[in-house]
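Trainee: One-letter residues, chain by chain:
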Amino acid sequence: MDQLRVLLIDDEEELVTTMVERLGYRGITAEYALDGYEGLAKIRTQAYHAIVLDLKLPGLEGTEVLRQIVHQYPDIPVLLITGHGSPIDPVDPKPEGVYDYLMKPVKIDLLVQRIREAVGQK
Amino acid sequence: MSPQEAGDSGAELSRNEIAFFGKITASVTHELNNVISIIEQTAGLLEDMIAGEERGVPISIDRLAGVSAAIQRQTQRGLGIIGRLNRFAHATDRPETVFDADEVVGNLVELSRRLASLRKIGLEFRPTATAPKMSGNPFVFQRAVFGAVQTVLACGLADHTVTIENRAESHGFKVSVEGATSGELGEGPLADLEAVAEEAGGSLTVESGGGQMRLCLQFTVLPSTEGRSS
Numbered sequence: 470m471d472q473l474r475v476l477l478i479d480d481e482e483e484l485v486t487t488m489v490e491r492l493g494y495r496g497i498t499a500e501y502a503l504d505g506y507e508g509l510a511k512i513r514t515q516a517y518h519a520i521v522l523d524l525k526l527p528g529l530e531g532t533e534v535l536r537q538i539v540h541q542y543p544d545i546p547v548l549l550i551t552g553h554g555s556p557i558d559p560v561d562p563k564p565e566g567v568y569d570y571l572m573k574p575v576k577i578d579l580l581v582q583r584i585r586e587a588v589g590q591k
Numbered sequence: 041m042s043p044q045e046a047g048d049s050g051a052e053l054s055r056n057e058i059a060f061f062g063k064i065t066a067s068v069t070h071e072l073n074n075v076i077s078i079i080e081q082t083a084g085l086l087e088d089m090i091a092g093e094e095r096g097v098p099i100s101i102d103r104l105a106g107v108s109a110a111i112q113r114q115t116q117r118g119l120g121i122i123g124r125l126n127r128f129a130h131a132t133d134r135p136e137t138v139f140d141a142d143e144v145v146g147n148l149v150e151l152s153r154r155l156a157s158l159r160k161i162g163l164e165f166r167p168t169a170t171a172p173k174m175s176g177n178p179f180v181f182q183r184a185v186f187g188a189v190q191t192v193l194a195c196g197l198a199d200h201t202v203t204i205e206n207r208a209e210s211h212g213f214k215v216s217v218e219g220a221t222s223g224e225l226g227e228g229p230l231a232d233l234e235a236v237a238e239e240a241g242g243s244l245t246v247e248s249g250g251g252q253m254r255l256c257l258q259f260t261v262l263p264s265t266e267g268r269s270s
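In the order they appear, the protein sequences are chains A and B.
Letter 76 of the first sequence, counting from 1, is numbered 545 in the working numbering, and no numbers are missing.
Letter 131 of the second sequence, counting from 1, is numbered 171 in the working numbering, and no numbers are missing.
If we strip away everything but chain B, and leave its shape as in the complex, we get (with noise of 0.2 Å):
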């Protein structure tokens, strides 16, 4: 198979999903060296203590403590970031599956968090209390829903929170993803969404004024009769 027929049989990544990759990848990295960062002045810090303590400057018990403790929190924060981003990298694996949009949202939420605190931006997500099962390409439907937060993080107001609701619907399953926002925008940020919203087999409705702005994705999801397993 040549480059150009794999290319048109949806077996590579497009141009676009690569470049949704490397957003949240670029994000993800950057962070944990501020992680790696933490440590590394902390544990050196740990080094001018004692070459404090050579010369006669004792060390604070409770000082050492804290820097343990320093130590451990940023070691814990490092695996909650690896752990989020090798979640994501997965989710590559099969362009067809079942998985659980709760989780899935949840995730992005949290790998998009350092990007809307950039904009001094706050998410809360909201899941559903059903762990929904959907049946799809999940790494097409977290860039749908990655496009709908970055698209109002935009245009959002700092100082605010944007909220991703996740909700379970008689036929269906929502994403909306709400905050203050500071404009309109343009077509094309939204011509290219609802495009995105559809490659991930569901549909986008704006509501917009009065300051806010609303994005709703809609799709379908398996009946399910399982409970949330965790």
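For reference, chain A alone in the conformation it holds in the complex (with noise of 0.2 Å):
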């Protein structure tokens, strides 16, 4: 398989930013997007392993992103991360299309584990 190519989706800059240099410390080369606009947009233009999501966005909300990325794209695995009081349901924490969900503050090789695990390679 190619290099990793991920991309973040998270409206805190300096977060996804310092994410984007970290991931790449572990050989995965991340992109960002700071609102879902321009994160569908780089989903239409570029090819991404996987999509690392933030349901707390400006303009777009995050689950209308999610449910986009699935519609349009369901063989792109997607990771939820979350802060407290976003909308999943306790009941069923996964919606459809999601691999998994990780909370903020993220572990990052807890996160390159999951990235890893849902694009089929260990």
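Be aware that one or more of the hints could be misleading.
Reference listing, derived: stretches of chain B covered by chain A, where coverage requires no fewer than 3 residues with Cβ under 8 Å from a Cβ of chain A [what the hints assert, rightly or not]: (1) 63-76; (2) 80-88; (3) 180-194.
Since the hints were made in silico from the structure, they are not lab data.
Ideal placement from N, C-alpha and C gives every residue a C-beta, glycine not left out.
Got two chains here, each in a separate frame; can you build the complex from them with the hints?
Mentor: Structure below.
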């Protein structure tokens, strides 16, 4: 498989730029988008092995971004990163199409492990 | 005193007041979680850089300075959030007190900023120049102002700014909340807001048209000869 390419969608720019750099240290090429529209535009034009998505996004809500990704790109696994109070159903915490979800603050090595599992690369 | 009697006396927070408190604290703690996440990732980046140097990749002094500045920036951001939440929480200390309406509304606007940014709407606060003193319940006052801000945000246009302006008048004090909106509000939200304004000792007027909405909360204020303390 080519080097893993991942898209992070989160409106905290300092958070995602740091995570992009840290993923780079671990051999993963990561890019970021600061809102859902930008994220969907990048997915249309770039190839990614996985998407890491925060549900709390400005403008287009994360749940709608998730719906569109799952509908239009069902082969790309999505990992949700959520803060407390995010709209995750405690009874069914993994919405359809979501490989896994992690709570902030995320341990980078756990995220890398989940990304590799999601794309079938152990 | 039974719970029922306590509720009847007004000594307990109502369900709506608890919901208001919950909405503010949920938003603020979410933002604090982001601050902690950034500090966590930045500290982790430092570890990555050290590990890289042990493998022969030199650490850039400029990069180190950038990492240190990021941690300091986020620490200050977190302290600011905690301070604002603490001032907000202390508004429940006394049901009747004298307070500076500029300070209270300014703090509330800062606490509301993330909720607005999720709608891609900016908030601008314009205080008076006279530090108007109000007598009443600062928590209920904030709930009324927050209700007005939320009402305008609910039908506000993305990529616009909602302006919250305090204005001292001859026999009163006014908070106006104005922004570009995409449609008319139903009667329900405005009736609820009107009731909250009355509970806070004020009244609500609504001006709407031409794609703009302006909600005005009118209160009486204590006469004060004091200047702004800081």
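Trainee: Holds or violated: the stretch 180-194 of chain B covered by chain A, criterion of 3 or more residues with Cβ-Cβ distance under 8 Å?
Mentor: Since three or more residues must qualify, the claim that chain A covers the stretch 180-194 of chain B is violated, with 0 doing so at under 8 Å.
Trainee: Please count how many residues of the stretch 80-88 of chain B have a CB within 8 Å of a CB from chain A and say whether that reaches 3.
Mentor: holds (count 6)
Trainee: Quick check: do three or more residues in the stretch 63-76 of chain B have a beta carbon closer than 8 Å to a beta carbon of chain A?
Mentor: Coverage by chain A holds here, the residue count being 6 at a Cβ distance below 8 Å.
Against the hints set out earlier in the document, a violation occurs for number 3 only.
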